[in-house]
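Assemble the whole structure, with the sequences as input and the hints as a guide.
Chains as they are written, first to last, in the numbering used here: chain L, 118 to 359; chain W, 118 to 359.
No lab work stands behind these hints: they were computed from the structure. Careful: at least some of the hints might be erroneous.
[To be verified] Straight-line C-alpha distance at most 20 Å; calculated EDC-like pairs for lysine to aspartate or glutamate:
#1 W/Lys309 with L/Asp191
#2 W/Lys318 with L/Glu306
#3 W/Lys307 with L/Asp314
#4 W/Lys307 with L/Asp343
#5 L/Lys307 with W/Asp320
#6 W/Lys258 with W/Glu238
#7 L/Lys317 with W/Asp320
#8 L/Lys318 with W/Glu238
#9 W/Lys318 with L/Asp314
There are 2 protein chains.
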Amino acid sequence: MSNKPNLHTCLSPALLHLYDVSNSIVVIIDVLRATSTIVTALNNGARCVIPVDDVSRCKEIGKQMQAVTAGERDGKIAEGLEYGNSPFEYPKEFIEGKTLVLTTTNGTRLLHMALDKGAREIVIGSFANLSAVCDHLVEMKKDVMLACAAWKDRVNMEDTLFAGAVINRVGENFTINCDSSHLAEKMYEKGKKDLFDFMKKNDASHYHRLMGFGLEKDIRYCLSADEANVLPLYKDGKLVLK
Amino acid sequence: MSNKPNLHTCLSPALLHLYDVSNSIVVIIDVLRATSTIVTALNNGARCVIPVDDVSRCKEIGKQMQAVTAGERDGKIAEGLEYGNSPFEYPKEFIEGKTLVLTTTNGTRLLHMALDKGAREIVIGSFANLSAVCDHLVEMKKDVMLACAAWKDRVNMEDTLFAGAVINRVGENFTINCDSSHLAEKMYEKGKKDLFDFMKKNDASHYHRLMGFGLEKDIRYCLSADEANVLPLYKDGKLVLK
Numbered sequence: 118m119s120n121k122p123n124l125h126t127c128l129s130p131a132l133l134h135l136y137d138v139s140n141s142i143v144v145i146i147d148v149l150r151a152t153s154t155i156v157t158a159l160n161n162g163a164r165c166v167i168p169v170d171d172v173s174r175c176k177e178i179g180k181q182m183q184a185v186t187a188g189e190r191d192g193k194i195a196e197g198l199e200y201g202n203s204p205f206e207y208p209k210e211f212i213e214g215k216t217l218v219l220t221t222t223n224g225t226r227l228l229h230m231a232l233d234k235g236a237r238e239i240v241i242g243s244f245a246n247l248s249a250v251c252d253h254l255v256e257m258k259k260d261v262m263l264a265c266a267a268w269k270d271r272v273n274m275e276d277t278l279f280a281g282a283v284i285n286r287v288g289e290n291f292t293i294n295c296d297s298s299h300l301a302e303k304m305y306e307k308g309k310k311d312l313f314d315f316m317k318k319n320d321a322s323h324y325h326r327l328m329g330f331g332l333e334k335d336i337r338y339c340l341s342a343d344e345a346n347v348l349p350l351y352k353d354g355k356l357v358l359k
Numbered sequence: 118m119s120n121k122p123n124l125h126t127c128l129s130p131a132l133l134h135l136y137d138v139s140n141s142i143v144v145i146i147d148v149l150r151a152t153s154t155i156v157t158a159l160n161n162g163a164r165c166v167i168p169v170d171d172v173s174r175c176k177e178i179g180k181q182m183q184a185v186t187a188g189e190r191d192g193k194i195a196e197g198l199e200y201g202n203s204p205f206e207y208p209k210e211f212i213e214g215k216t217l218v219l220t221t222t223n224g225t226r227l228l229h230m231a232l233d234k235g236a237r238e239i240v241i242g243s244f245a246n247l248s249a250v251c252d253h254l255v256e257m258k259k260d261v262m263l264a265c266a267a268w269k270d271r272v273n274m275e276d277t278l279f280a281g282a283v284i285n286r287v288g289e290n291f292t293i294n295c296d297s298s299h300l301a302e303k304m305y306e307k308g309k310k311d312l313f314d315f316m317k318k319n320d321a322s323h324y325h326r327l328m329g330f331g332l333e334k335d336i337r338y339c340l341s342a343d344e345a346n347v348l349p350l351y352k353d354g355k356l357v358l359k
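Written out as structure tokens, the structure is:
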């Protein structure tokens, strides 16, 4: 018997209820684009990111804290908010020292689900901070849940690929009795040579959605490793750097 | 725009609510072992197979119809039933002309979910009848939902592989705007050379569960194509041959 901690992958928020995460580090994965944007804003000096469930709460907190309000619904800036969900909207010159209140379709919702389930720790994962996530998981030696935000609960390719990338790097440090994890890793192995090309060739639904909005630059950034290699942790309602 | 019908894959019963299947042919997939066994029993001359949700109803109907009662819970013959869920329990000499009442952990439950959602047609899929399923889907030219029974709602490898096998063969006849389908197909491409070896190497959870019961022969059979190449359809509460 192995004494390694367990690692699982949950391919959709609609499957999270199947798992006990009370002893796990939950990695929230919403590659296109919530978690890539959170990581980028923090790397560029944002004081913290406050993830909220809905638009009205986003506006309310933004007002209270004189913070930047941002968020999207169905891939577009939500009505009444100032900024969207593109990592390129948060360069150092703009976001340094500021608080960002963010609401997104899938990512923040999943984070609150993990919180409600009593996750031991919640961290933010994206290709932009792949190494920081992997280093943390190896260092902590705790059970891990790689939680994909998916798209309206439907499994998506990019979050699955990121789960696969993590497993590819740190899998040998964990006991993995989880077919979803093996599926994710195989998928990543197939695509790792050129993730953008893989998404394109395989007709990834989100690839088409964002390309339709003219966001190729965002997709390419969000699929690149270690562009903003910091580790956001959830603490007292805020995402802050480790 | 394409006029091809749509094809989706649902990797777990817990995700079925995300899809409207009222215009779709739903393929119920429970490779290890419910759908492989249903297909085999019908190919060997069973008059029909009646899928039921629970063990007590299985016994009740079995008595009423003087039928063979069978089913498993957690991979073992359920208490009070006569037979289990192995295709090898239903050779021609035994099952020909008989009615089989079957309850299984995941497969029959999913079938009833699809029924409740008003599926246009329900058919049974397994590697044992891969060609029959594919031929039917191409011939019908209707929307398709490949519905994986999974294991207690957790995504599993073998059902995903079968969905991938179907897509690999008939995908070009359909519009596929569904990342789960692309994941399944990629997975199948990786494993198709030797599915048994793929399941073993990738630590498929069900592979270990059944190997632990000494069922390697069952696994090998259930991963082999066209061993019982007939098409079971659900009609008036029964599974019968097309």
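Now for the hints, and whether the structure bears them out:
Distance check on the hinted pair: W/Lys309 and L/Asp191 sit about 37 Å apart at the alpha-carbon level, beyond 20 Å; violated. Annotation: proposed proximity of W/Lys318 to L/Glu306 holds, straight-line Cα distance about 15 Å (limit 20 Å). For the hint pairing W/Lys307 with L/Asp314, the CA-to-CA distance comes to about 18 Å; that is within 20 Å, so the pair holds. Distance restraint check for W/Lys307 and L/Asp343: the Cα-Cα separation of roughly 28 Å exceeds the 20 Å cut-off, and the hinted pair is therefore not satisfied.
Taken as a hint, the L/Lys307 and W/Asp320 pair is honoured in the structure, with Cα atoms around 18 Å apart against an allowance of 20 Å. Proposed proximity of W/Lys258 and W/Glu238 is supported: the alpha carbons are some 13 Å apart, at most 20 Å. With a CA separation close to 29 Å, the supplied pair L/Lys317 and W/Asp320 exceeds the 20 Å bound. For a cut-off of 20 Å, the pair hint linking L/Lys318 to W/Glu238 is broken: about 31 Å separates their Cα positions.
A C-alpha spacing of about 27 Å is found between W/Lys318 and L/Asp314, which places the hinted pair above 20 Å, so the restraint is violated.
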